Amino acid sequence: MSYFWTKEFPVILNELSLINFKNYSEASIEVCSKVNCFVGNNGQGKTNVLDAIYYLAFCKSYFNPIDSQNIKHDDEFFVVQGGFDREGKSEKIFCGLKRGQKKQFKRNKKEYAKLSEHIGLIPLVMVSPSDSELILGGSETRRKFIDGVIAQFNPVYLDNLLNYQKSLTQRNALLKSFSENRYFDEDSLMIWDHKLAQYGEPVFKERNAFLEEFIPIFQEYYGLIAPENETVGLQYVTKLHEGTFLDLLLENRQKDRAIRYSSTGIHKDDLVFELGNHPMKRFGSQGQQKSYLLALKLAQFEYVKRKKTTKPMILLDDVFDKLDENRVEALIKLVSDPEFGQIFITDTSQERIEPILKKIGKEYRLYNVNEGAVELI
Amino acid sequence: MELPSKYLQEAVEAIASLPGIGRKSALRLTLHLLRRDNLEVNQFANAITSMKENVKFCDTCGNISDGPKCNICTQSKRDQSVICVVEDLRDVLAIESTQLFQGLYHVLGGIISPMDGIGPSDLNISSLFGRVESGKVSEIILALNATMEGDTTSFYLYKKLESFECKVTSIARGVSIGDELQYTDEITLGRSIQHRTPFEQTLSR
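So the sequences go chain by chain: A and B.
76 is the number of the first residue of the first sequence in my numbering; add one for each residue after it.
1230 is the number of the first residue of the second sequence in my numbering; add one for each residue after it.
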C-alpha cells in the first residue's frame, strides 16, 4: 500500500543516468529541484529523457509498450538509474533490461518481487502530444483514462471491472452458442445478467461519484490555462442513467440475441468532452483541445494528490505543441506553484522558452540535447 | 525429435497427451517403463484399462464409485437431509478430510462456463432437483470454488432451488485461519468485514 509512505513530501529527482536507452549510449544528468527544461532539434532525444523518468516511475515506457524496443539499436541491454530524494532520504531506483530476459527493477539495490509494489512510489504526470488520442480516439481510451485514475486508490473498483470483463466474455459466448445451436435457455442467460449487474452497478456508481468530484477540479484548471471565457464540460454518457442494469439487459435481450453480443452496459460508457455545449472533438481548435487535455491531466493529479496527499512530478513533453505563448506561460506558472513538485519540460527553441522561465522567476535549468548528449547551458 | 522405434514413438505420444507432461518428460517416463519387468508394466497397463472399464458414477450423487451407489451414499449413519454440492471428487475428499461434515454430497462434474462450452445441461444438475423433490432434504450447502464461474453456478442452483422448501446455504468466505490481516487481499478482507459473524459462533469451533 504505497500511499501510506508517500505523505506530503514531494519526490525530487537529483540525478538521472542512462545507458543504451533509446538513442542514448551513455548520459548522466544532474537536475535541479524545480524547473528543468530540455531544448534541441527534433530527433535528438529530448523526449527520451522524459520517457526515462517515466520509466523509473511506472516501470514502462509512456510511448512504446514493447520493452525491448527501448534498447538502443544493436545493443544488448539498457540501464536507467535515478537518484531521488524522498522524505529527506535518498532512494536509488535502478531499471535494467537485457534482450530476451525479464526486466530488473531495484530500489536501493534490492530487487522488487512485483513491479506493482513500485508503482506509486514516484507520483508523476506526463503530458505529451500523443494524449490527443483521448479526444480523437475511440471511447475505450476514455474509459481507460477514468478507470486508471479510480483504480489507483480503489482496488475493489479494479476487481469489479476485471470480473465484469470476464462475465461479459461469458455472456457473449453464451449468446453466440444460442444462435449457433439454435436454442435459448432463459435461466442460463439470467445468471450472467446478474453477474454483469453485480459487478457493473458498482463500477457505474464509482465512475459517477468520481466525475462529480473531478469535473469542478477540471473546470478550475481549464480556467487557469485558458483565461478567456471559454466554458468546458465533461459528460458521462451511459445507459445506466436511465434505469437499473438488469432492466436494461432485459430490454435489450432480443437485440443482444440477434447481434450475438451484449449491446448495453458499462463497457459502452463514454465521456463526451464539451466546449461551450458543443463536442470538443468536432468544434475545438487544436489549441483548445490541447488546453483541454492539459486541464484533464492536471485535474487528474490534483485528484490523486487529494486522495494520496502527495505532490506529483510533472513532465511536459513538447510544451509549445499547439499552444500559444500566453497559454504556455499560464501553464508553467501554474505548475511551478508550490502545490506541484518538480517539473521537466521539452521544447525545440531556447529563445522561445527562456524568456518565459525568466519571467516566472523560479529556479530553473536549461539543457541542450544534441544527438543523445545532454549539456547544461 | 525422431525416435529409433515406432513403438517407442507411440508410447511417448500417448504419455505426452496427459495434461502437464511435455515431450521430454514423456520420453523420460517411457524409457523408465522400458527398463522395468514385463510383469510390472503389464500391471501398470491393466490398472489403467480396468480403471476405465470398472469405475462408475454413483446413481445418487454422481461421485466416483465401484458400484451403483458410492460408499458415502450407502453409509446409513450419515445425515440424509443435508446435501453438499461440490464440483468434483477432489472437493469431496477435501471436505471429508475435515471430518466435520456428516451429510451427503452431490458432485456436479464441472461448473457453468459458456466460454468452455459448458452449460447447465452438461452437468449433473437435474438429478439434484430429483433428490430435493423427494422432500427428504432440508438443507443444500453450496460449496463451489470462490471464482466467478463458481459463484455463477451457485447462483444458478440457488435460483432453481428457490421454489423448493429447502434451505440453501453457501460455505463462508474470509480470512484463512493462521493468516495475518495485513497480508490478506482487500477483496477478501472487505467481504470478511461485511459478512462478520457474532463472536459466540467463533467459540464453538
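Simulated from the structure, these hints should not be mistaken for laboratory data.
It should be emphasised that the depicted structure is a prediction, and the values quoted were computed from it without experimental measurement.
Where hints are given, some of them may not hold.
Sample of chain B residues facing chain A (criterion: CB under 7 Å; computed from the structure) [to be verified]:
no.: 1; residue: I1347
no.: 2; residue: G1348
no.: 3; residue: M1377
no.: 4; residue: G1379
no.: 5; residue: T1381
no.: 6; residue: F1384
no.: 7; residue: Y1385
no.: 8; residue: E1415
no.: 9; residue: I1416
Simulated pairs of lysine to any residue, SDA-like, Cα-Cα distance not exceeding 25 Å [stated by the list, open to error]:
no.: 10; chain 1: B; residue 1: K1281; chain 2: B; residue 2: G1249
no.: 11; chain 1: A; residue 1: K280; chain 2: A; residue 2: E305
no.: 12; chain 1: A; residue 1: K241; chain 2: B; residue 2: K1281
no.: 13; chain 1: A; residue 1: K251; chain 2: B; residue 2: D1351
no.: 14; chain 1: B; residue 1: K1388; chain 2: A; residue 2: D260
no.: 15; chain 1: A; residue 1: K251; chain 2: B; residue 2: K1281
no.: 16; chain 1: B; residue 1: K1388; chain 2: A; residue 2: D322
For each label pair, taking beta carbons as the anchor points, the in silico distance ranges come out as [stated by the list, open to error]:
no.: 17; chain 1: A; residue 1: E326; chain 2: B; residue 2: R1257; range: 55 to 61 Å
no.: 18; chain 1: B; residue 1: D1351; chain 2: A; residue 2: E287; range: 42 to 48 Å
no.: 19; chain 1: A; residue 1: E192; chain 2: B; residue 2: E1282; range: 35 to 41 Å
no.: 20; chain 1: A; residue 1: K189; chain 2: B; residue 2: D1351; range: 50 to 56 Å
no.: 21; chain 1: A; residue 1: D322; chain 2: B; residue 2: Y1387; range: 46 to 52 Å
A virtual CB, placed ideally from N, CA and C, is assigned to each residue, including glycine.
Status of each hint after checking the structure:
1. I1347: Check failed: Cβ of B/I1347 comes no nearer than 10 Å to chain A, outside 7 Å.
2. G1348: 6 Å, holds
3. M1377: 5 Å, holds
4. G1379: 12 Å, violated
5. T1381: 5 Å, holds
6. F1384: 5 Å, holds
7. Y1385: Check passed: Cβ of B/Y1385 comes within 5 Å of chain A, closer than 7 Å.
8. E1415: 5 Å, holds
9. I1416: Given a least distance of 5 Å, the restraint on B/I1416 holds.
10. B/K1281 <-> B/G1249: 20 Å, holds
11. A/K280 <-> A/E305: The given pair, whose Cα atoms are some 29 Å apart, is violated under the 25 Å limit.
12. A/K241 <-> B/K1281: 35 Å, violated
13. A/K251 <-> B/D1351: Answer holds: A/K251 to B/D1351 is near 17 Å, not above 25 Å.
14. B/K1388 <-> A/D260: Holds - the C-alpha atoms of A/D260 and B/K1388 are around 14 Å apart, at most 25 Å.
15. A/K251 <-> B/K1281: 35 Å, violated
16. B/K1388 <-> A/D322: Judged against 25 Å, a Cα distance of about 18 Å means the pair holds.
17. A/E326 <-> B/R1257: 55 to 61 Å: Holds, at about 59 Å.
18. B/D1351 <-> A/E287: 42 to 48 Å: With Cβ atoms ~45 Å apart, the hint holds.
19. A/E192 <-> B/E1282: 35 to 41 Å: Given about 53 Å between the Cβ atoms, the range is violated.
20. A/K189 <-> B/D1351: 50 to 56 Å: 38 Å Cβ-Cβ, so the 50 to 56 Å window is violated.
21. A/D322 <-> B/Y1387: 46 to 52 Å: 21 Å, violated
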